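S.K.: Starting from the known structure of chain P, arrange chains Y and C with the ligands on it as the hints suggest.
Residue numbers (this note's numbering), protein chains in the order written: chain P, -8 to 265; chain Y, 34 to 341; chain C, 286 to 605.
Just so you know, these hints were derived from the structure itself, not from any lab. Accuracy of the hints is not assured; some may be wrong.
Some, not all, of what chain P presents toward chain C, calculated at C-beta under 10 Å [to be verified]:
{"hint": "1", "residue": "K99"}
{"hint": "2", "residue": "N118"}
{"hint": "3", "residue": "G122"}
This structure is a prediction, so every number in the text was calculated from the model and none was measured. Every residue gets a Cβ at the ideal spot worked out from N, C-alpha and C, and that includes glycine.
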Amino acid sequence: MNTTLSQQSTVSTSRNEICMSLQNVSISYGKFEAVRNVFLDIPDGRVTAFIGPSGCGKSTVLRALNRMNDLIPGCHLKGQVLFDGQDLYHPRIDPVEVRRRIGMVFQKPNPFPKTIYENIAFGARINGYRGDMDELVERSLRKAAVWDECKDKLQQSGLALSGGQQQRLCIARAIATEPEVILMDEPCSALDPISTLKIEETMHELKRNYTIIIVTHNMQQAVRVADMTAFFNAEAVDGGSGKVGYLVEYSETEEIFNAPAQQSTQDYVSGRFG
Amino acid sequence: MTHSKSISGSDTTTDTTLFDRRPLNFDPRLRRNRLNDLFSFISGLFATLAVLPLVLVLVYVLVQGGRLISLRLFTQLPPAPGLEGGGFGNAMLGTVLVTLIAALIAIPVGVAGGIYLSEYAGKSWFGQLVSFANDVLAGVPSIISGVFVYGLIVASRVFFGQSYSAMAGGIALSVLMLPTVIKTTNEGLKLVPNELRLGAYGVGASRYVTITQVVLPAALTPISTGVVLAIARAAGETAPLIFTALFSAFWPEGIFNPIATMSVLIFNFAIMPYEAQNELAWAASFVLVMMILAANLLARWLSRLSKI
Amino acid sequence: MTSIHGHSGDAQFTLRRRPTSEKLLDLGFRQLTLALASLVAIVLLAILLTVFQGSREAMASFGLQFLVTSAWDPVNEQYGAFVAIYGTLVSSILALAIAVPLGVGTAIFITEDLIPARLRELIGLMVELLAAIPSVVLGLWAIFVMEPAIRPALELLHRLLGWTPFFASTPQGPGMAPAILILVVMVLPIITAISRDALNQVPIELRQGAYGVGTTRWGAIFAVILPAAISSIIGGVMLALGRAMGETMAVTMIIGNSLNFDLSLLAPGNTIASMLANQFGEADGIQVSALMYAALILMLLTFTVNVLAQWVVRRLSLKY
Ligand SMILES: Nc1ncnc2c1ncn2[C@@H]1O[C@H](COP(=O)(O)OP(=O)(O)OP(=O)(O)O)[C@@H](O)[C@H]1O
Ligand SMILES: [Mg+2]
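Bound conformation, chain P alone (with noise of 0.2 Å):
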């Protein structure tokens, strides 16, 4: 699978399979320039955190590996985004078909207004789930950590929930359908600690049959959870309007919270900075 991905590789991973790879990507909203020229590679099977300070770009790199961008008018990207073998970005691709093998949760909880019951089984539903529907809602919910605070009220609406639990009957959601990668856009950043703990142990239970990628602003828990972490940071650019998101620095988690390469890493990581 990974013959097709021939670059340098930034870092050995220890089953040393690379589930996602992006290839120079450079991504811009209309004119201006969001992110430029990324190479990373995301190994199978592990977490891999993405940090940074606010506006450098992550949801946006985050966001591409789905396809997610493409609901946004203007948004383009240059470059290749490889899973599977192939370029995500390749005319022939249908985007409908990667997020369903690529699913997302998002750092606004947004749960259909359908009930708590049929937020999990839509999905399941139309990825063409054969099983038995009751069990997989609860299967879900039980990994995201929500079935105790649901299972009484499966038939009300979504919305009758706290933020918080919405966010992990989002994660329940986006668990039920099965992808092999999981995006996470800051999903912990509506909840309380107790729940937290919760997602990223079900995290480090995930891990084994998926590849997560998951976008944070706390630190310990990119420590926590994370196998591998990018850090990225913006620059003003001469000619740019405003600032350009790049990648400064991608390698195991100890090695970037203990012994970074770059000095603005340094600086993020021990809180010097943004």
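M.R.: Leaving out everything else, chains Y and C with the ligands in the frame of chain P:
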């Protein structure tokens, strides 16, 4: 957590087989993609169908009416049934007059009512009652306002023993304009930031001065947009006029006599079995539609002003 | 007030204390706006009273039988509004049945990115301008252009479905069917505008969520976006229903104004509004009262529908 671990675990991998998994390539023959295209096509078709009437009406009014336009239309009186020629000068004057009467009633009352709702009423029960009444009045069919004015003014002959009159028509139209003017004034005033009011109070301005010299000017564009639209709407109304202003084959004889209007003329002449009258109806439609479209574009331009 | 801050500069401000005239002006302005605002409620009440008062004679003579009898006989002074009530309900409901899919479909089309934004705005503008065309002009167009153009289609309908009572008569000019079509044209802009606003208010996050679990565009629209906007859309549809029931001119000009009951949609019919437009000017005696009675029924119908519309929007709206 212990039991949840027993459920998740090794069985998750087997579950993947329960889902449809396809290659990433786009397959147009897939049911979901075919349905997607089908619905996109249908919605595009519906949009075309929705735009079609406007295009067709405009084309016919422009072609049928536009080709008949000549100066005599504006200077002459309508012909008697069966005769050729003539114009609708009296109806144009009448529409201007009746709409003017309606505007003179509805704009002061409506703006004042809007001021009350936005600046004084707050959440009081009376304010809510007025709002509710305004919403209900906005939903009253236009013909009902004609029936109302007929019963109130025409049948009772309150104006110097006159029954049908330009005045009655103007009043009927003002009943229709009123809710729009109140609503747009109220909404326009609510958009004015509160800091402006506080600032005026801060330099010791009274409530009256604050409202008339600070708040109202700040909301002038949305209010005038709404007023222009309300006037345009009223100018094209027919139903409230047919048994209040009635019609007249002569030049207007003051505001307490029956009067011809463009819209009633179109109605009367459209259903007459004479070619000359039908043509006048088309020409009058052309003039009326042009006036109303111009007013709408003016309103659009006004509202664009406030956004800059 | 002046004595509290008594430094020398104050002497220049002769108006430190608000003069009585200013207070009076303040109070007077408030009372004036209040009085004019109350005028709305008074006018509404006056409309109700006038129509009610005018219809009392007919109510006394015909009672509730008026609603279900179809005699409209000025010679024998027998009146029943069934034909008009039936026509009002049937024409507006059938018009809505056609206009709702058209309008909501159009709204979806111009809120999705299927075609360039410029073109979408143009379509939106054109639909809005359609709302500005006076109904009497639409009526004129219906008489001379639309009705002759659709007659072959109506004839085909008659040939195919003539065995059902709804298409039993041969189409001959004005009738219920062309009236319904012109009503569609008239309510389409309302439904489209309100649906478009409702769809635009659905948060982008919701759409992302749907796409994120792998729906297609239309999967997201049907499963998530439309349900999120449904309360406003239903409210708009109810408002449109109210408008359709009260719509007068275009309908009057094309419906045929028949006083006889006919189930066939291809035959001439009548509505309350068009009956009022046609007869009010020439009526006298109890006929005026009967017409007022019909007007009262029309008012009650539109009032109910409009209040329901507001209730639906308030009760069903989901909070985001
Ligand atoms: N939809 C959009 N349209 C235009 N510009 C955008 C859009 N979304 C993001 N941007 C811009 O792209 C840049 C990167 O934004 P992005 O949301 O990816 O940052 P981020 O690293 O996720 O920040 P945060 O940590 O605050 O979530 C920012 O300058 C932002 O203004
Ligand atoms: Mg972000």
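S.K.: Are the hints correct? Go through all of them and say.
M.R.: Evaluated hints:
{"no.": "1", "hint": "K99", "in the structure": "holds (5 Å)"}
{"no.": "2", "hint": "N118", "in the structure": "holds (6 Å)"}
{"no.": "3", "hint": "G122", "in the structure": "violated (17 Å)"}
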